[in-house]
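Colleague: Here is what each chain is made of, one letter per residue.
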Amino acid sequence: MTVELSRRRLLASFGAVAVGASAATVLVERTASASDAVPSDVVPFRGAHQAGITTPAQDRLHFVAFDVITDDRDELEQLLRRWTLAAERMTRGEGAGPVGAVDGLPDAPPDDTGEALGLSPARLTLTFGVGPSLFVDADGRDRFGLASRRPEALADLPGFAGDRLEDAWSGGDLCVQACADDPQVAVHAVRNLVRMGMGVVRVRWAQLGFGRTSSTSDSQATPRNLFGFKDGTSNLRAEETAELDTHLWAQESDGAAWMAGGSYLVARKIRMTIETWDRTSLKAQEEIVGRDKREGAPLSGGTEMTAPVLGELPPTSHVRLAHPQSNNGVRMLRRGFSYVDGADSLGRLDAGLFFLAFQRDPRTAFVAVQRRLAASDALNEYLVHVGSALFAVPPGPGEGDFWGSTLFA
Amino acid sequence: MLLRARALALPSVLLAAALGASACSSADATASGARVGVTAGDGTCELTATSVPAGVVTFAVQNTGSQVAEFYVYAADGTTILSEVENVGPGVTRELVVELAAGTAKTTCRPSDGVDGISTDLTVTASGALSATAKPSLAQAVEQYRGFVAEETAALLAGTEAFVAAVKDGDVAQAKALYPQVRTHWERIEPVVESFADLDYSLDAREDGVEPGTQWTGWHRLEKALWIDKSLTGMTPVADQLLADTEDLVGRIPSIELSPSLIGNGATALMEEVATGKVTGEEERYSRTDLWDFQANVDGARAAYDALAPALKDADPGLATTLESRFAALQAKLDALKQDDGFVLYDDLSKAQVRELADAVDALAEPLSNLTASVVNG
Numbered sequence: 000m001t002v003e004l005s006r007r008r009l010l011a012s013f014g015a016v017a018v019g020a021s022a023a024t025v026l027v028e029r030t031a032s033a034s035d036a037v038p039s040d041v042v043p044f045r046g047a048h049q050a051g052i053t054t055p056a057q058d059r060l061h062f063v064a065f066d067v068i069t070d071d072r073d074e075l076e077q078l079l080r081r082w083t084l085a086a087e088r089m090t091r092g093e094g095a096g097p098v099g100a101v102d103g104l105p106d107a108p109p110d111d112t113g114e115a116l117g118l119s120p121a122r123l124t125l126t127f128g129v130g131p132s133l134f135v136d137a138d139g140r141d142r143f144g145l146a147s148r149r150p151e152a153l154a155d156l157p158g159f160a161g162d163r164l165e166d167a168w169s170g171g172d173l174c175v176q177a178c179a180d181d182p183q184v185a186v187h188a189v190r191n192l193v194r195m196g197m198g199v200v201r202v203r204w205a206q207l208g209f210g211r212t213s214s215t216s217d218s219q220a221t222p223r224n225l226f227g228f229k230d231g232t233s234n235l236r237a238e239e240t241a242e243l244d245t246h247l248w249a250q251e252s253d254g255a256a257w258m259a260g261g262s263y264l265v266a267r268k269i270r271m272t273i274e275t276w277d278r279t280s281l282k283a284q285e286e287i288v289g290r291d292k293r294e295g296a297p298l299s300g301g302t303e304m305t306a307p308v309l310g311e312l313p314p315t316s317h318v319r320l321a322h323p324q325s326n327n328g329v330r331m332l333r334r335g336f337s338y339v340d341g342a343d344s345l346g347r348l349d350a351g352l353f354f355l356a357f358q359r360d361p362r363t364a365f366v367a368v369q370r371r372l373a374a375s376d377a378l379n380e381y382l383v384h385v386g387s388a389l390f391a392v393p394p395g396p397g398e399g400d401f402w403g404s405t406l407f408a
Numbered sequence: 000m001l002l003r004a005r006a007l008a009l010p011s012v013l014l015a016a017a018l019g020a021s022a023c024s025s026a027d028a029t030a031s032g033a034r035v036g037v038t039a040g041d042g043t044c045e046l047t048a049t050s051v052p053a054g055v056v057t058f059a060v061q062n063t064g065s066q067v068a069e070f071y072v073y074a075a076d077g078t079t080i081l082s083e084v085e086n087v088g089p090g091v092t093r094e095l096v097v098e099l100a101a102g103t104a105k106t107t108c109r110p111s112d113g114v115d116g117i118s119t120d121l122t123v124t125a126s127g128a129l130s131a132t133a134k135p136s137l138a139q140a141v142e143q144y145r146g147f148v149a150e151e152t153a154a155l156l157a158g159t160e161a162f163v164a165a166v167k168d169g170d171v172a173q174a175k176a177l178y179p180q181v182r183t184h185w186e187r188i189e190p191v192v193e194s195f196a197d198l199d200y201s202l203d204a205r206e207d208g209v210e211p212g213t214q215w216t217g218w219h220r221l222e223k224a225l226w227i228d229k230s231l232t233g234m235t236p237v238a239d240q241l242l243a244d245t246e247d248l249v250g251r252i253p254s255i256e257l258s259p260s261l262i263g264n265g266a267t268a269l270m271e272e273v274a275t276g277k278v279t280g281e282e283e284r285y286s287r288t289d290l291w292d293f294q295a296n297v298d299g300a301r302a303a304y305d306a307l308a309p310a311l312k313d314a315d316p317g318l319a320t321t322l323e324s325r326f327a328a329l330q331a332k333l334d335a336l337k338q339d340d341g342f343v344l345y346d347d348l349s350k351a352q353v354r355e356l357a358d359a360v361d362a363l364a365e366p367l368s369n370l371t372a373s374v375v376n377g
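Those sequence lines, one after another, are chains R and A. Here numbering that gives the first Met the number 0 is used: the first residue of the first sequence is 0, the next is one more, and so on. Here numbering that gives the first Met the number 0 is used: the first residue of the second sequence is 0, the next is one more, and so on.
One chain only, chain R, in its complex shape (with noise of 0.2 Å):
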């Protein structure tokens, strides 16, 4: 009864019976054209290096930020090394639990929530970060005896010109990021965690994302975001391992020893104004960019990947104030993905970009950037940046190893 099914090994029975029930006939098609690249759908879990960073970025998001709830550090480090273990399981396509959502006793609630079943593991990854708040709160104390452990690089962002930050999207002790092909699988992996997780700790903000907004990998085409434009054309990716050593991963040298193999993570919840950018002439539009909109080329010339010629773009536009020659080199992986939150009260369209960026240093990466680009930059009479949370993403967890497992340790 307490024997592990894969959602794949599931699929094998269901084909072996006849199944007649509408819903059962439904879920086999549908897996059977998700699930033929069999091996490619499973993100390693364990490694040097969390997943969900450097991995090509999926299509869906479901980000969850919490508060902690107890006292209780043995509580805490209990639930972060069940969570390790029920978010390895779910990355492999199988339950949140050891038994699963319909193997279990008749009168006890299923450790799994079911509504992955027969689906791909679509690739989800599941990325865990602490915020500053976990190390003292807003009062100065140290609440889990970690203090002396909070990186430098963790340092509260300061505030910058234009914010209109609301606490309903800020902050947070811990993080989760779950990526997947598909929204169903991403979802299910932070409601099972969530589930997990009640009495320890409390959802203190969670968004979906669709549509990436970033290529991380040379594997990928670039993607437009909610202006219509590519994004994430010059991002840090994969393949330059050399670059990642120096941009993105912490190094045990940066101070906090375990924090090496980590990154440090930025997110902001930033509203595009949809309306007035859609009147905005294209030539502004590109102007505004510095990018064309067809092809993503540089208003200085060539095609897409061509580097553009900073001196030549508008000064104001946005990919100038952007690019690392104009900040010191510094560059980071951004991993955004556009948001849609319906309508708000007026009608308009409530969306914009869920900006993740990951990057080795904060105060040399994000916030320099950010400084200029609020200072200065066209697009910011269509951006509203209205949350914003700042996490460390430990190393990857060991076999073994838990999430936090070198900051516990």
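These aren't lab readings, by the way, just hints derived from the structure by calculation. Beta carbons are placed, not taken as given, at the ideal position from N, Cα and C, and that holds for glycine. Be careful, since some hints might not be right.
[What the hints assert, rightly or not] Going by beta-carbon spacing under 7 Å, a handful of chain R positions derived as facing chain A:
1) Ile-68
2) Leu-104
3) Pro-105
4) Asp-106
5) Pro-108
[Claimed, not checked] Negatives, chain A to chain R, calculated, CB over 12 Å:
6) Tyr-71
7) Glu-210
8) Val-249
9) Gly-250
10) Ser-254
Using the hints provided, position chain A relative to the given structure of chain R.
Modeller: Only chain A this time, still in chain R's reference frame:
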């Protein structure tokens, strides 16, 4: 009220869709009890067996008809709903798992439009297997919980008599003072009283739950008179009905066959009431005395837990430790909101306070949902 007619048996019901059913059969997960196939067609309702051994029984309800169907399992009295599955669409099979005691039961297939269904009597034979009350600690649990229900029932009746007298005297102040206190006794045993769907409706319906063509009666009708209309004019018949229905209820309660799983699932159901009706402030929309009900539901869940605790401590001491600390944490949050003899009004709670209550409810309700399985299988 009123997760309508979901009552005692609800949390034990597995509404397994066809998806779940297929997976079960391949995984042989339901080998632990009898299975009865039910074919519900247009004007037909056929069961593969009309005699089952006592214990866990799984009904696989297949709708071969053209309309959405419902399937009910009633206790021996033919009116107390033990469990139900609704919205079984044409062509769909759903499973219903229910624990039946030896004796008789009744099943009914019914189209969703409310017309009379087709009933079948079921014989439930005593079986040596899975008689949960065979364990002494569980037999004790049943006796302890029966005592709790009897005490609360007596207090509910006495309180209702006093409340009804105040209403009939036109004593608004006294009636308002008694209202949340008396309802405490209802809310403590809510899963038990809700198993009588007719009385749950006449006693505890909210205004938007009143079915067209029927009169709105019961506690919430009088709540509206007291807090919104601020007048008891014309309320005497409602008050008389309240008392008559309560007396009827008190008379019926001894017929309920309590079992460890009913008690455990009752605890879960009470926390579900808190999570969906009380922490959201939906129960007492006029009086705003939701926290009285909140406390009473928690009291009821605690009493059910206390009855099962000796058995649970044998079966799963870790779960017992968790539940006790979570009960204590929730009670501490409630204690902080006490005022005079009762609580602050729901409208006086800040958003942050509501959120903290909701977090504490989730923290308890999630592990509590494993109570029944732990004691029944432990």
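Colleague: Hint by hint, note whether the structure agrees.
Modeller: Here is how each hint holds up against the structure:
Interface restraint check for Ile-68 of chain R: the shortest CB-CB distance to chain A comes to about 6 Å, inside 7 Å, so the restraint holds. Residue-level restraint check for Leu-104 of chain R holds (minimum Cβ-Cβ distance to chain A is 5 Å; threshold 7 Å). For Pro-105 of chain R, the suggested interface contact is upheld, since its CB lies about 5 Å from the closest CB of chain A, less than 7 Å. A cut of 7 Å between beta carbons decides the hint on Asp-106 of chain R: the least distance to chain A is about 4 Å, and the hint holds.
A least Cβ separation of about 5 Å between Pro-108 of chain R and chain A falls short of the 7 Å threshold, and the interface hint therefore holds. Residue-level check passed: Tyr-71 of chain A sits 19 Å from the nearest beta carbon of chain R, beyond 12 Å. Once the 12 Å rule is applied to beta carbons, Glu-210 of chain A is consistent with being away from chain R; the minimum gap is 31 Å. Non-interface status of Val-249 of chain A relative to chain R is upheld: no Cβ of that chain comes within 12 Å, the nearest being about 30 Å off.
No Cβ of chain R comes within 12 Å of the Cβ of Gly-250 of chain A; the nearest lies about 31 Å off, and the non-interface call holds. Listed as a non-interface residue, Ser-254 of chain A keeps its Cβ farther than 12 Å from every Cβ of chain R; the least gap is roughly 24 Å.
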